[in-house]
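There are 2 protein chains.
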Amino acid sequence: MIIGLTQMLKDDFGIDFKNTALLDEAFTHASYVNEHPREKLKYYERIEFLGDAVMQLCVSEYLFKRYPTLPEGKLSRLRAAMVCEDSFSKFAKECHFDEYIRLGKGEEKANARNRASLLCDIFEAFIGALYLDQGKAVVVSFISRVVFPKLDLGWFDHYLDHKTELQELLQQHGDCKITYVKVAENGPDNEKEYTMAVYADGQKIGEGKGMSKKAAEQQAAFQALKALQKN
Amino acid sequence: MIIGLTQMLKDDFGIDFKNTALLDEAFTHASYVNEHPREKLKYYERIEFLGDAVMQLCVSEYLFKRYPTLPEGKLSRLRAAMVCEDSFSKFAKECHFDEYIRLGKGEEKANARNRASLLCDIFEAFIGALYLDQGKAVVVSFISRVVFPKLDLGWFDHYLDHKTELQELLQQHGDCKITYVKVAENGPDNEKEYTMAVYADGQKIGEGKGMSKKAAEQQAAFQALKALQKN
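Here the protein sequences line up with chains E and F, keeping their order.
Sequence positions in the first sequence follow numbering that gives the first Met the number 0 and run 0 to 230.
Sequence positions in the second sequence follow numbering that gives the first Met the number 0 and run 0 to 230.
Just so you know, the hints here were simulated from the structure itself, not pulled from any lab data.
Don't take every hint at face value.
Stretch-level coverage of chain F by chain E, calculated; a stretch enters the list once three of its residues show a Cβ under 8 Å from a Cβ in chain E [claimed, not checked]:
no., stretch
1, 59-70
2, 166-175
Counterexamples of contact, computed for chain E against chain F with all Cβ distances above 12 Å [as the list claims (entries may be wrong)]:
no., residue
3, Glu47
4, Gly50
5, Arg78
6, Ala115
Simulated restraints, written as ranges between beta carbons of each label pair [said to hold, decoys possible]:
no., chain 1, residue 1, chain 2, residue 2, range
7, E, Lys225, F, His35, 25 to 31 Å
8, E, Glu192, F, Pro70, 47 to 53 Å
9, E, His172, F, Ala20, 52 to 58 Å
10, F, Asp10, E, Gly173, 45 to 51 Å
Glycine included, each C-beta is placed from N, C-alpha and C at the ideal position.
From just these sequences and the hints, can you work out the full model?
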C-alpha cells in the first residue's frame, strides 16, 4: 500500500477508499513494476484508459447543463481546454498526487515525477480508481471541487467569450447598444475585486464580479445570458 | 413530435421516453431547423456532443471489465474500432434511425439520410437523449443489445487477437506448446458451426464455437484467457 495516500484522501477530500488496491494501481508507474517483479504489481495504464473516459463524460455533462445555449463548437473547445495534459497535470499537482507516485529509479532520476504527461496520466488513473471504487457521483463531487471552480476563476476564458456570445444573441434580430459600467471596486490594491454591470439599450441585464474589470465583464455577460435564457 | 419514433422505441427496444422533446432534438438536422424558423427547433449537435462522451465511457467500462488483463494499447484500439463513424452508422441503420431523421429539402435531395457521418451523429445524439431521459443504466442496457454483441460476432476481431494474447501470456516465463484441435463441425454446408479446443502442453484450457475454424479458435483462446485469469 502506498503510505499516506489513503489518509491524505480522507483528510483532504473526505474520500474513504474501500479497495485500496485500485489506488495502488493508479499511482504505480510501469518502471516501478519492472523493478519489483516479485510483487506482481499492476501499473496505471489500464485504469487511466477508464479514467480518461470518465472525465470526458463528467466534464461534457457539466458543460452541457451549465451552458444550455452554448453551441456544440464552443462546448467542444471548452472541453478540450479542460480535458488536456496541461490542465490535468495542474490538478494533479494541486492535489499533491505527485508526492505519491511509485516510480522506478531511472524515471525518478529523470524527474518524471514533475513531468506534465505523467501527472496527467496519474490524475486520469486516480479518476478511474475513484469511479470504480465509489461511483460516478463521488467523482462528480471530487471534480466539482478540483476542476469546475477553475471555470469561475477564468482558467478557460480565452476559450469561451461570454461578451461576444451576448452580443451575438442580442444583435441577431437588429441593432442593440450594449454597455458595461463599473458598479464597485473593493479591497486593497493587490486583491481588488471589481463589480461590473451590463446594459442592453439602457436596461440593466446582468452583473458580475472578478479580479479584473475584464473578468467581471465576462461574468456580467454570463449572468445576462443565463437570465435571458430563462425568459 | 417525430411521427412513429417513440412508438418504435417502445415496440422494438422497450424504451418509454419521458421527455420526447429530447428525441426531437436528437433526430433533427440543422437544415430542417433553418427551413422551419418559426418552430424554434433545436438541432442535434449539442446533444450529440454529450452522447459521444456517454458512448466513450460505456464502451470503455465494458471493455475494461470484459478483458481484465488486456493491456491499455489493445483496449484503446478496440474502443477506437467500436466508437467510430463506420460502426455507429451501421448501428443507426440497424435500429432504423435513418427513417426518422428530420432533414431540410436540400440535404434530403443530396441523400444525407444515407450518409455515414450523419447516421453516426444521429446515433450519438440518440444516446445523449437516452442518457438525459433514462440514465446510464438504460443506455448500457440498450448498447448491450445493439453494440456489445458485435464483439462476439467478430466485427472487431482484427483489432483483438486472442490467440496472440494467449500465446504471449503462456510463453512469458518460457516455452509452452499451444495446439488447436477441432472438436466438432455441425450444420449444413452454408451454415457450418465449428467447435475448436485449445491445449497448452497437452492440457485442454479452453473451447470455443464460431462460423469458421479461425473464429472458433479465437473464441477458444478467449475462453482460455478468461479461465487463466480466474486462477
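List in ascending order the numbers of the hints, as given earlier, that are violated by the structure. Numbers 2, 3, 4, 5, 9 - these are the hints that the structure violates, sorted from lowest upward.
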